[in-house]
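Asks: Sequence:
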Amino acid sequence: MASVIDSFSEAISEDKFLLKVCIYSIPVYFCAKFFLKGSMGLFTFYGTLTAVLIFGLITSGINSVRTNKKEVLTLNPIRLLDCIVRSLFVLVPQGLLFGFIGYLIISFIQIPVDIPHFQLIFEIIVWVLLGAIVFTAYLSFAKYLNIAQGFRYGAIIESCMDVFVNLLFYIPQVLIANVIFVGPVAYLFTFFNVPLTEWGFVAYSSAIFVLNISMFANYFAQSAFEHIRGTNAEYKDHSQIDLVKDVHENDEVR
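Residues 1 to 254 (this note's numbering) are what the sequence shown spells out, left to right.
Simulated from the structure, these hints should not be mistaken for laboratory data. In this text, all values refer to a predicted model and were calculated from it rather than measured experimentally. The beta carbon of each residue, even a glycine, is placed where N, CA and C say it ideally should be. One thing to keep in mind: the hints can contain errors.
Cut-off 16 Å, straight-line C-alpha distance, at most; resulting in silico cross-link-like pairs (EDC-like, lysine to aspartate or glutamate) [to be verified]:
| # | residue 1 | residue 2 |
| --- | --- | --- |
| 1 | 69 | 14 |
| 2 | 37 | 198 |
| 3 | 16 | 71 |
| 4 | 70 | 15 |
| 5 | 70 | 10 |
| 6 | 69 | 162 |
| 7 | 70 | 123 |
| 8 | 69 | 15 |
| 9 | 33 | 198 |
Label pairs and their computed distance ranges (CB to CB) [what the hints assert, rightly or not]:
| # | residue 1 | residue 2 | range |
| --- | --- | --- | --- |
| 10 | 109 | 42 | 36 to 44 Å |
| 11 | 75 | 124 | 33 to 41 Å |
| 12 | 18 | 112 | 57 to 65 Å |
| 13 | 115 | 41 | 25 to 33 Å |
| 14 | 113 | 37 | 17 to 25 Å |
| 15 | 76 | 193 | 39 to 47 Å |
| 16 | 19 | 162 | 31 to 39 Å |
| 17 | 75 | 121 | 26 to 34 Å |
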């Protein structure tokens, strides 16, 4: 199973990691400063652009990990743009389709149970399940940036709950990891009576945020490999052991 430790070790060992952290933490830093200053207009504008950049980095990173490339965070703007555009061809139709399905379900199905908030709980479950399908479709596509793979509904629906559960296990792991990364530094700033809104802490937190992006890409790539069924050729590329064949060959040797 994919783990936060594996994704962290892979993230920090990639080529030019520190350079990439410095470059990509700049827009994150300015977005954080705009938010802290209350400049919500600037925060919304630059935050949207930064979110698109982060989305492209994660998509590119998933593909890089799955295809055994040495980099996770790319410095190639053309590759980033290509990843973003291709992702839209998968996520926009999927979002519209399953958004419409979700709307129909919660509009026409009313649970006749007199329990407080039961209908709300039902609606949350519906959106979580449909969201898991869309997210799994995204991971299926991102493996090889193949748009058709994002519409393999048989494999996607079969794998979506495993992917969702795997994501749930990752959330507490990454929260604990970030407490370890940020907690001691925050304590030092507080100990010396330096506000956490000072540029030094914001810059450090921005760098950790970029580290998280790389970790997400690694973890999602591992999750896609482990839980989304692919072709035999995909697994041969990753030296998967054929246990049946291996046992047969051992018997012949004996």
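Asks: Take a quick look at whether residue 70 and residue 123 sit within 16 Å of each other, Cα to Cα.
Replies: With a Cα-Cα distance of about 42 Å, the restraint between residue 70 and residue 123 is violated, given a limit of 16 Å.
Asks: Does the Cβ pair residue 113, residue 37 satisfy 17 to 25 Å?
Replies: Violated: the Cβ-Cβ distance is about 48 Å, outside 17 to 25 Å.
Asks: With the threshold set at 16 Å, check whether the alpha-carbon distance from residue 37 to residue 198 stays at or below it.
Replies: Given that 16 Å is the threshold and the Cα spacing comes to 11 Å, the pair holds.
Asks: In this structure, is the beta-carbon distance linking residue 76 and residue 193 contained in 39 to 47 Å?
Replies: Given range 39 to 47 Å: holds, Cβ gap about 43 Å.
Asks: Check the hint pairing residue 70 with residue 15 against an upper bound of 16 Å on the C-alpha distance.
Replies: The given pair, whose Cα atoms are some 7 Å apart, holds under the 16 Å limit.
Asks: How does the Cβ-Cβ distance of residue 75 and residue 124 compare with 33 to 41 Å: does it lie in that range?
Replies: 40 Å, holds
Asks: Take the C-alpha atoms of residue 69 and residue 162, compute the straight-line distance between them, and say whether it is at most 16 Å.
Replies: Violated - the C-alpha atoms of residue 162 and residue 69 are around 26 Å apart, more than 16 Å.
Asks: Keeping to a limit of 16 Å between CA atoms, is the pair of residue 70 and residue 10 held or broken?
Replies: Status holds; Cα separation ~10 Å.
Asks: For residue 69 and residue 15, compute the direct alpha-carbon distance and say whether it is at most 16 Å.
Replies: 10 Å, holds
Asks: Taking the CB of residue 75 and the CB of residue 121, does the distance hold inside 26 to 34 Å?
Replies: 45 Å, violated
Asks: Take a quick look at whether residue 33 and residue 198 sit within 16 Å of each other, Cα to Cα.
Replies: 9 Å, holds
Asks: Could you say whether the range 25 to 33 Å given as a hint is met by the Cβ separation of residue 115 and residue 41?
Replies: 43 Å, violated
This entry does not satisfy hints 6, 7, 13, 14, 17, going by the numbered hints stated previously.
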